[in-house]
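Trainee: Sequences listed follow chains A and B, in order. Take 53 as the starting number for the first sequence in my numbering and just add one per residue. Take 34 as the starting number for the second sequence in my numbering and just add one per residue.
Source of the hints: derived by calculation from the structure; they are not laboratory data. Just so you know, even glycine gets a beta-carbon here, dropped at the ideal spot from N, CA and C.
Listed next, with one range per pair, are the computed distances between beta-carbon atoms:
#  : chain 1 : residue 1 : chain 2 : residue 2 : range
1  : B       : Asp47     : A       : Gln342    : 27 to 37 Å
2  : A       : Asp360    : B       : Leu163    : 19 to 29 Å
3  : A       : Ser114    : B       : Leu163    : 33 to 43 Å
4  : A       : Gln155    : B       : Glu233    : 56 to 66 Å
5  : A       : Asp360    : B       : Ala205    : 46 to 56 Å
6  : B       : Ser218    : A       : Gln342    : 30 to 40 Å
7  : A       : Asp152    : B       : Leu149    : 47 to 57 Å
8  : A       : Arg268    : B       : Leu149    : 27 to 37 Å
9  : B       : Ala205    : A       : Tyr67     : 55 to 65 Å
10 : B       : Leu163    : A       : Thr361    : 18 to 28 Å
11 : B       : Pro332    : A       : Ser308    : 32 to 42 Å
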Amino acid sequence: MSKPVFTCGIAGYGYMGEIRKQVIEKSDRLELIGISDINANTRQELSGCAVLSTTDALLDKSPDIMFVCTPNALSPKICVEAMRRGIHVFCEKPPGRNLDDIQTIIAAERHSVKLMFGFNHRFHPAVIKAKAIVDAGRMGAVLNLRGLYGKSGGISFHNSWRNDESISGGGILLDQGIHMLDLFCYFCGNFEDVKCFSSRAYWDFNVEDNAYVIMRNSTGQNAIFHSSATLWKHTFRLEITLEHGYIVVEGLLSKSGSYGRERLVTAKRQFEDEAAAVGNPSEEVTYFDQDLSWELEVNELIRCIDEDTPVTISSSHDARRVMEIISKAYLDASNNPGAA
Amino acid sequence: MKSVFLVDHYNEADVKPAEMLNAYVQLAEKNVNDLFLRDTFVNCDCPGCGASDRAETFRRFNLDYVSCPRCHTLWVSPRPDDESIKRYYANSDAEIYWREKLSRETALARVERIVLPRVDWIIDSTQQYLPDADHFVDIGTHHDVYARCLSEIGRFSRKTLLNPICEINPGALAHSTNIVNEHISKAMPDNSVDAISMFEVLDRTSNIDGAMSHARRMLRPGGLIFITGILSTGFDIMTLWDQAQNIFPPDRLNVFSVEGLTMLMERHGFNVLEFSTPGMFDTEAVIHAVETNPKIQVPRFVSYMLENRGPEGRQRFQEFLQMNLLSSFGRVLAQRQ
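Construct all of the structure, not just a fragment, from the sequences and the given hints.
Mentor: Now the structure itself:
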């Protein structure tokens, strides 16, 4: 028996809306029935499905799944209304501007609908393999994490809504750094203690362009993260130190390719005796050539709908947890003299 | 798809000391001439892509290697059948020498450099692609060091070593490991296995399509197969060709190309998840061959590079070969469709 096809709507046709459209159109389980966007020029470029000026008009078409790709300030209201109507929701990250926004969304969550967030990096091939290695247990427990994720901005960066606090709720840490913080939680569970410095080092925004976050959890694992909008060379690097070795995820397969070829480095600690350690162990490097992350995360949502099982990957629990960390980071940064 | 390369530093001599390797090759040459009955030899098409076209290449131990103009696989044809090969590995002086001397005297290095990385590969990949995997079968291992390490993989609750000539003491193996002394065609019910390893097994298998069909048959849909072998498209093989010291029957009855091995997997209903050439010894093999036999002519560029770029330059060149699927040691992970 063939599986049902789910009708889909996309709210917001920016960078992410375009990606979601491609994923939906490639899937034999999804059918795009409408896109809404506030921008008339954007709407003029679209065809092949209903093109609408308001999200309410799109919701009135009663899609099975709503892809929420709007700016952060708008996402909560759309998620809430979609779920109220019994529509499954896939919401891009960040899940709103702040902790209140995600809590509003969670309050509207119902058993009959699935709610998933776009923590897409979990589905990148190097991260999937890193997670498999950690879960396999041969390298022992995770001791600590270190992350660097940043970009250089660009011509339109200065005018982007992402850097307008009233719309976005925060700067680079919330917009891009949230992926790394989510991965930290993916590998270590939660981090209760959060310290942060932030700065407006270069860009003239009312949000941070750099954040330096230090975290610790109740099991004693520590993590350090630098999130930056002044990395003139686009960089993604996640280092996982384990009892018996280390894992490094570096580069990201992306639309632009600007983060470099995605690769995973693994190595085993070579000597029991620290005095004899040469500090340069044999490494295995895996290169990945295909990014299926967009398809995989949507397939996971489809699986949850098919089997009527709770969303456990990129769930509302994951969203709240990472927003709690960001909230603590912003609070700590604001309490630091000289902070942004 | 993904590919892997290794940043490591060790020599072929660590796992195959030259003196012992030479003794082994000499025994193998004698045994091949003595033990194989040529009137039972069978012709075969390209074991990689299946094409019937072939080009004559060179003779080794009085057997003819031919190459495929389509996929560049190298293979022996006509060739002994699998029953003859089984007898060879059970009784030949060469195999006894390998098993009882070479393998044992290099055991520590082989475990550290070869066996444990393969065990890690199996553990990590199974966790990634088939986390509920329970039954693991190794096909073809008949060396006790290897068998013991495979039997100790805690990842699987059931492990089977499948080899018709296996003489390993079961007491040396971890609990829950079975030894099955049967041919692949007769062992294991259909769809009963989660993961299979065949390390350098396809290299010495006469009926390749038969072996792959049975491996597929015993794997459940979605099951994994881990394969290693020597590749004809590696730098040392391509450079040395008829002078390559590691190409001889029956150990290397088939020397697949990257493309040929990929086609073999695909025409037997497998999706290739990983194809890597993490070989360490290509440049070293060329240097050793030229030093041993100065009459060997290698391309001017290769000769210059090997003479003038020192160990670090050669190491970087080896890494380049790995990164570009140009080393002669290959490993493949594939999934049954």
